[in-house]
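Chemist: So the protein sequences, as listed, match chains A and B.
Position in the first sequence (from 1) plus 7 gives the number in my numbering.
Position in the second sequence (from 1) plus 5 gives the number in my numbering.
A couple of the hints might just be wrong.
Derived contacts from chain B toward chain A, CB cut-off under 8 Å, selection only [said to hold, decoys possible]:
(1) Ser125
(2) Asn131
(3) Asn153
(4) Gln157
(5) Ser161
(6) Arg213
(7) Gly215
(8) Asn231
(9) Pro232
Hints listed in this document are in silico derivations from the structure and should not be mistaken for laboratory results.
Yeah, the Cβ is synthetic: ideal placement off N, Cα and C, and Gly gets one too.
Here are the chains, one letter per residue:
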Amino acid sequence: MGRVIVITSGKGGVGKTTTTANIGMALAQRNRKVVVVDADFGLRNLDLLLGLENRVVYTAVDVLSGQCRLEQALVKDKRRGNLVLLPAAQNRTKDSVNPAQMRQLISALAKVFDYVLVDSPAGIEMGFQNAIAAATEAIVVTTPEISAVRDADRVIGLLEANNIKKSGLIINRIRPKMVAVNDMMSVDDVTEILAIPLLGVVPDDEKVIVSTNKGEPLVLSGTPTQAGTAFENIARRLDGEKVEFLDLTVKDDLLSKIKNFFTKSI
Amino acid sequence: MPIPKSEALSAEMLKPELHQSRSDDPMSDGSNLGPKVAEAVLTETETPEIDKKINENEVSDSNQPPKMPPSDPNLQVRIKTEKGNLWISLPGELKKEGSTISYAWSEIIQQIQQRLSGDSRSWDPNTPVRILANDRLLDTTQIQELTNILLQSNLSLKRFYTKRRQTAVAVATCGFSVEQQTAQQALITEASTKLLVADPMYIQMTLRSGTEIRHDGSVIVMGDMNPGSVVIAEGDILVWGKLRGIVHAGAGGNAGSIVMTTQMQPSQIRIADFVARGPSNVPAQFFPEVAYVTSQGKISITQAQNFTRL
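With the rest of the complex left out, here is chain A (with noise of 0.2 Å):
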């Protein structure tokens, strides 16, 4: 059986569809064979992040009402075979699906794939507990914002509740530079809010916003990006390599901390 995560924010537009495509394609890279879900029913994002969109025949929703196979509606990435999606449909809304079906096809997904990453859609309703049904673990994806730290903390209890009791935390566009001045919550502001493992700290970075636009995960890109670099540190670390972390407890000068970081192990 494969590992099914579930990527979720609470708070929308903090990353979880990025951070969801990146994973799963930094985890094929390590030829793992991965299967990326949208579980975004109506406002299908993950399919354009990886540059899917012309591929998409079938949807999820297909696949339930038994107007298609599951296996006619996962797309394989055109990069690596060993990435497929299983696009929403953009027709219906979350309330279409309930999380008895998604269990359904999340349980068949995992018997043939190694990971399983859920795209939660933003909220608590009926599309996050669609989402969370059949995963066993979480991964909470957060920016240094009030906000966002507080609806992850909400979402963080209500996994618990709903008996997924693994979860790592990755704190999305992080600006050392404002951190360092104190205008940016710092990681262990969040961290110690959150109280789950970190998993990685992703840094702003204006390669994602083109690696988005052009449908064409960051961890691909031949030239090394800070962000790339710590999603595919994410994707080790998830696969249960040990990976250095950045030195947390330094705040004053955390950009060259990050600039050693990445250096070392490029």
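Following the hints, put chain B in place on chain A, whose structure we already have.
Modeler: Same frame as chain A, now just chain B:
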């Protein structure tokens, strides 16, 4: 709980201590004052306004100020061990007067799961469970859901008590023993459950944003209270961890109730009918502190070591 019971006595004794702790702060502006900021800001800056408002309300509306949320713990799922049994009481379907809260089934399930995982020290595995469904209407899938949750926590359903015939039928269909209460019986059980939940409630977990605990006794939290969490107790509230949410002690009107914590950083403290906002800047150092109502009708915070000497 050694709370000073007599209002007059405690007030007399509190006063000197209070002035002592404030003596180095100018009364007008309590911001940027270093380690003592917690007490200074809480009592001095803008909070008195809030205090006064609540007081006025109290005077005009006789007893219950309208702004206070309902403290009736029966609005929530309640869990209680007694004589080797674990009692789970579900909130009723009918709205209590004055309140608009009526929880959806998914919220009830969440509450049960949260409480079962946060309070598991209070019972042994395989403890028989008795569920008081009160007037809540349940169908077979919901009962299945309940038993699944109990199974996850190594508990088994022993007996079901309900006031609704349809629920009783559904429970019987699922193969559990059920007792349908008549109105009279229900009254008796309500009275007895009222009695049996007056003990302190222990919660061993981090209370995260959105979690709300109501109890008609004292509440002891072993863990942090994160911003956005709420504890409403009729007795005292003790938080062995960081208090960063909202606490309401003495929710039944007992102004002698206190809030005690190792790290006082609340977004709001309410004691009986009084309200105070937390300080907006974080003090450099934390001490165990106690919040209580002074004789002037303000919520004040003092270091725990001073408080116990009163």
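Chemist: Each hint needs a verdict: does it hold in this structure or not?
Modeler: Against the structure, the hints:
no.	hint	result
1	Ser125	13 Å, violated
2	Asn131	19 Å, violated
3	Asn153	10 Å, violated
4	Gln157	6 Å, holds
5	Ser161	18 Å, violated
6	Arg213	3 Å, holds
7	Gly215	4 Å, holds
8	Asn231	5 Å, holds
9	Pro232	6 Å, holds
In this structure, the earlier hints numbered 1, 2, 3, 5 are contradicted, and the remaining ones agree with it.
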